[in-house]
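Enquirer: Please put together the full structure from these sequences, using the hints given.
In the working numbering, the protein residues as written are 221 to 553.
Calculated directly from the structure, the hints in this document are not laboratory data.
Don't take each hint at face value.
In silico DSS-like cross-links for lysine-lysine, where the CA-CA straight-line distance does not exceed 30 angstroms [as the list claims (entries may be wrong)]:
| no. | residue 1 | residue 2 |
| --- | --- | --- |
| 1 | K262 | K553 |
| 2 | K405 | K539 |
| 3 | K268 | K553 |
| 4 | K226 | K448 |
| 5 | K464 | K506 |
| 6 | K539 | K262 |
| 7 | K223 | K448 |
| 8 | K448 | K225 |
Computed Cβ-Cβ distance ranges for the label pairs, DEER-style [claimed, not checked]:
| no. | residue 1 | residue 2 | range |
| --- | --- | --- | --- |
| 9 | K539 | E394 | 18 to 26 angstroms |
| 10 | M314 | S392 | 41 to 49 angstroms |
| 11 | Q247 | K553 | 17 to 25 angstroms |
| 12 | E443 | M364 | 13 to 21 angstroms |
| 13 | G267 | G447 | 44 to 52 angstroms |
| 14 | T488 | S392 | 39 to 47 angstroms |
| 15 | Q547 | M314 | 23 to 31 angstroms |
This one's a predicted model, so the numbers in the text were calculated from it and none came from an experiment.
Even glycine gets a Cβ: it sits at the ideal position worked out from N, Cα and C.
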Amino acid sequence: MRKPKKLINDKNVVAREQFEGFVAAMQIDLEPISQFTCAIRKAPLNGKVAVFTGGGAGHEPMYGGYVGEGLADAVAIGDVFAAPTPDAIFETAMALNAENGVVFIYGNYAGDNMNFDIAAELLEDEGVRTHTVRVNDDVISAPMDNQKERRGIAGALFVLKIAGAAAARGDSFEQVVAAAEYALKRTSSIGVALGPCAIPRNDEFNFQIADDEIEVGMGLHGEPGVGKSPLSSADDVVLDVMSKLEHEAGLQAGDEVAVLVNNLGASTQMELLIANRTVHRFLNEKRVTVVDNLIGGYCTSLEMSGWSISLLKLDDQLKSLYQAPCQSFALRK
221 MRKPKKLIND KNVVAREQFE GFVAAMQIDL EPISQFTCAI RKAPLNGKVA VFTGGGAGHE
281 PMYGGYVGEG LADAVAIGDV FAAPTPDAIF ETAMALNAEN GVVFIYGNYA GDNMNFDIAA
341 ELLEDEGVRT HTVRVNDDVI SAPMDNQKER RGIAGALFVL KIAGAAAARG DSFEQVVAAA
401 EYALKRTSSI GVALGPCAIP RNDEFNFQIA DDEIEVGMGL HGEPGVGKSP LSSADDVVLD
461 VMSKLEHEAG LQAGDEVAVL VNNLGASTQM ELLIANRTVH RFLNEKRVTV VDNLIGGYCT
521 SLEMSGWSIS LLKLDDQLKS LYQAPCQSFA LRK
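Expert: Listed below in structure tokens is the structure:
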């Protein structure tokens with residue numbers, strides 16, 4: 221059986237070393253927080269509401285790649301597939317000097333929920349106002365009537381973009397929260413896995429998928445989806461995914477969307493573009509307009525093979541925020 225293979229140094233410090241590489245690339249704009257794999261923007265908030273994101277390493281460029289102008293102001297990164305600690309989150313948030321509050325935006329996972337909640341309580345004790353937006357865009361992971369149990373995947377990018385733009389234009393704390401939550405309600409994602417990933421410290425893959433199978437709805441850490449199915453054509457798989465997303469988003473003729481075709485790690489650009497072709501054909505047939513189209517590795521899962529598709533259903537309010545300028549390691553507009 222094939223074993224995982226990675227070009228790394230010490231498997232116990234990969235999260236730290238990748239973070240150091242990230243900060244080196246963004247040293248003009250970012251200030252690392254001592255002792256933690258966390259960073260804040262060097263640019264002062266100047267009264268702006270702070271947007272704070274974070275989660276486990278292994279999903280690069282999520283989450284650190286979206287710290288920048290018009291996006292997040294801070295990030296806390298944990299070990300591979302592990303939440304950042306409450307202390308790391310707290311110290312990073314305190315370093316922001318966010319007099320008008322901190323809005324946390326991160327994926328809906330138990331460890332992240334617990335640690336960010338603890339940090340939020342500590343911040344409130346210090347007089348820092350906080351609000352949490354748990355991204356749960358993975359529509360396969362739980363039914364509509366149990367959305368609080370849904371996982372967060374690549375659609376977090378859309379929520380961060382909208383919240384960051386609202387904060388950058390000077391919106392109030394309540395307005396930034398409302399914009400983030402509104403964007404989340406209109407974001408839907410589904411992932412398809414073709415091959416597994418392996419945490420660097422392990423000698424085995426997290427899960428197995430047969431050569432002639434795929435799994436629709438698999439989570440970023442190998443959480444099960446709706447079940448395995450035979451490997452078929454790209455068109456068949458994309459059309460199945462888009463049909464589910466259309467139903468979830470309630471798409472109608474005349475709607476406008478932003479589309480993200482996201483590489484989970486090891487898929488080729490060719491595969492992403494083929495998938496994107498079918499996404500557009502589906503939406504064109506439904507007379508839904510694609511306002512923006514992102515293609516590439518925006519939220520990965522180490523070397524997992526596969527992709528996810530995310531839709532943000534736009535209206536005038538969201539379109540204005542989505543099209544606002546931003547600049548970070550992984551996203552520029």
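Enquirer: Each hint needs a verdict: does it hold in this structure or not?
Expert: Evaluated hints:
no.	hint	verdict
1	K262 to K553	holds (20 angstroms)
2	K405 to K539	holds (15 angstroms)
3	K268 to K553	holds (20 angstroms)
4	K226 to K448	holds (27 angstroms)
5	K464 to K506	holds (14 angstroms)
6	K539 to K262	holds (28 angstroms)
7	K223 to K448	holds (22 angstroms)
8	K448 to K225	holds (25 angstroms)
9	K539 to E394: 18 to 26 angstroms	holds (21 angstroms)
10	M314 to S392: 41 to 49 angstroms	violated (22 angstroms)
11	Q247 to K553: 17 to 25 angstroms	holds (22 angstroms)
12	E443 to M364: 13 to 21 angstroms	holds (19 angstroms)
13	G267 to G447: 44 to 52 angstroms	holds (50 angstroms)
14	T488 to S392: 39 to 47 angstroms	holds (44 angstroms)
15	Q547 to M314: 23 to 31 angstroms	holds (25 angstroms)
In this structure, the one hint that does not hold is number 10.
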